[in-house]
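Visitor: Chain by chain, the residues run as shown.
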Amino acid sequence: MIGVAPMFAAVGSEVAVAFIEIGLIAIVLAALARLASKLGVTAIPFYLIAGLGLGDGGVADIGIAEDFVALGAEIGVLLLLLTLGLEYTGEELRFGLRTGTVPGLVDAVLNFVPGFGIGLALGWSAPAAILLGGVTWISSSGVIAKVLSDLDRLGYRETPSILNLLVIEDLAMAVYLPVVAAVVSGQDAVSTVVTVAVALVVVAVVLVAAMRWGHLMSAGLDRGNNEVLLLAVFGLTLLVGGLAQQLQISAAIGAFLVGLALSGPVQHRVSALIEPLRDLFAAIFFLFFAFQIDPAELPGAMVPALVLLVVTGLGKMGSGWVAAGRAGVGRRGRLRAGTTLVARGEFSVVIASLAVGLDEASELATLAAAYVLLTAVVGPLLAKNSDVIDGLLGRRRRRRGTTAEVRRAEV
Amino acid sequence: MAEVREIKLPGVGVRLEFDTEAGEQVAVVVHRGGRRELMVYDSDDPDICTTVMHLTPAEARTLSEALGGSTVTEVSRVVEQRIEGLAIDWIEVDEGSSFLDRSIADGMFRTRSGVSIVAVIRGIETVPAPGPDFVFTVGDVAVVVGTPAGIDQVRTLLGP
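The listed protein sequences correspond, in order, to chains A and Z. If you count by the working numbering, then the first sequence holds residues 1 to 411, one letter each, in order. If you count by the working numbering, then the second sequence holds residues 1 to 160, one letter each, in order.
Simulated from the structure, these hints should not be mistaken for laboratory data. Every value quoted in this text rests on a predicted model; they were computed, and no experiment measured them. Glycine included, C-beta positions come from ideal geometry on N, C-alpha and C. Don't take each hint at face value.
As the list claims (entries may be wrong) - Taking CB as the label site, the calculated pair distances span:
no., chain 1, residue 1, chain 2, residue 2, range
1, Z, V52, A, G186, 49 to 55 Å
2, A, P276, Z, V40, 31 to 37 Å
3, A, D279, Z, G23, 31 to 37 Å
4, Z, L63, A, L392, 37 to 43 Å
5, Z, G23, A, A219, 41 to 47 Å
6, A, N225, Z, D44, 29 to 35 Å
7, Z, V40, A, S125, 50 to 56 Å
Said to hold, decoys possible - On the chain A side, residues computed to face chain Z include the following (Cβ under 7 Å):
no., residue
8, E87
9, G155
10, P160
11, V167
12, L171
13, R331
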């Protein structure tokens, strides 16, 4: 007993310090989330700024709690991907695939290619450039859903095309993530190809199985009460994520597939149960992501980030223009669709975090943080004022031209 | 009934749209959680809405009752959500029907098709769980539950 007591005391004080650290972090995040909701913008940029303020070059440091925060951040990624998979029903995915292939391809070309190109132009290796392409490609479904509902645009004619494009990006992630995980793992060409092939086959099999038989597993889970369901889904997500990681398919895609496999009534129950947990761990993830970035390097990353903002902002305008145009929406609606899609957020950060182990990891993280800070703020502003933009473009059109089309538009 | 167009809003829910006789375009967005938004489209720019109302499930019920809606739709939606492969439908018994003035027992609908008649709507009145001796008259609407194939069978039986 005498020998045990001091040891407990030491552990006890360590725990106390960790509690205080985590508690302070959570309170700061709460204050930032409140500020964000007051300003009517997403909290992600604020969490990133909080993370930049911690660690090297910041105002404070995470001490003992760092291990917890690091693991919490990993869990945050899994829960983000789980809820992404939960977001859409199998039917919505099928419908999206049937109708959204062309806008989806336009979207990929206009937004992946610039990121990839600028990555290469910065002198990065191909894996890092592929990751940067992913960062600039995927719009933030969280931010966009919030913008559409805050601006009361769910009834607007272009809204289904925007949401369908997000479904396609979602499905594209199912292919992109395992490919990237294999490419980044830095094996030789042959084993990379093998890993990619294995991963894609696994993903395809799970996708088909989830769409066809997911309801059986869902019905089984639906029998338990909320406590059982929460524990079962949380456990399943971590288990499948861990197994996927062992197979080098990336834990994120495992969690995503679990989300896809859940359907029917249980899907909505799980969404409601997991949401608070996801908000908690995702906040830790954004914080920890930025924590690893040296704030002194951020100003330097702003120039490429601004270039990316302009190029891929125009890219998203093109995607929205095409997607909404196919639904027969008029000029202003097509512009609204484009501006709404500009916002990037959670998945850009998730993709950038996959760079761990690459030489360019810290550069990529810094650039991605700068890029997300810009687009997550500028995107919703553009969406809100897209009619103003249309007015400005309209004035230029009027001043410049007297083509038949313009005259007709003016009638 | 006006023709309703159903548009999927992935991740949000569905949007039901229809045009009024007076020419307005109306839509209801049904969120997955049961919240609803009622909106009216701009007459100059049909791509946007001018009026949007945000309704909780209880408010939506109040509004639909104020508008004279029946509660059957609500119930059927719940049933369909719970059981996959189950369909619910409304079959009108009109003038040419071979079952006018005949009872439910006569039809042996359940035995023949596995479909149950769970209610009959007559005018503004709803008869829940009609007994075997319930007799159909012109204008009755039978609310039936069963497999889609079975319902088609009943529709034929109730036809001319």
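Visitor: With reference to the structure, classify each hint as holding or not holding.
Guide: Hint-by-hint comparison with the structure:
{"no.": "1", "hint": "V52(Z) - G186(A): 49 to 55 Å", "verdict": "52 Å, holds"}
{"no.": "2", "hint": "P276(A) - V40(Z): 31 to 37 Å", "verdict": "35 Å, holds"}
{"no.": "3", "hint": "D279(A) - G23(Z): 31 to 37 Å", "verdict": "45 Å, violated"}
{"no.": "4", "hint": "L63(Z) - L392(A): 37 to 43 Å", "verdict": "40 Å, holds"}
{"no.": "5", "hint": "G23(Z) - A219(A): 41 to 47 Å", "verdict": "46 Å, holds"}
{"no.": "6", "hint": "N225(A) - D44(Z): 29 to 35 Å", "verdict": "52 Å, violated"}
{"no.": "7", "hint": "V40(Z) - S125(A): 50 to 56 Å", "verdict": "55 Å, holds"}
{"no.": "8", "hint": "E87", "verdict": "5 Å, holds"}
{"no.": "9", "hint": "G155", "verdict": "4 Å, holds"}
{"no.": "10", "hint": "P160", "verdict": "6 Å, holds"}
{"no.": "11", "hint": "V167", "verdict": "5 Å, holds"}
{"no.": "12", "hint": "L171", "verdict": "11 Å, violated"}
{"no.": "13", "hint": "R331", "verdict": "9 Å, violated"}
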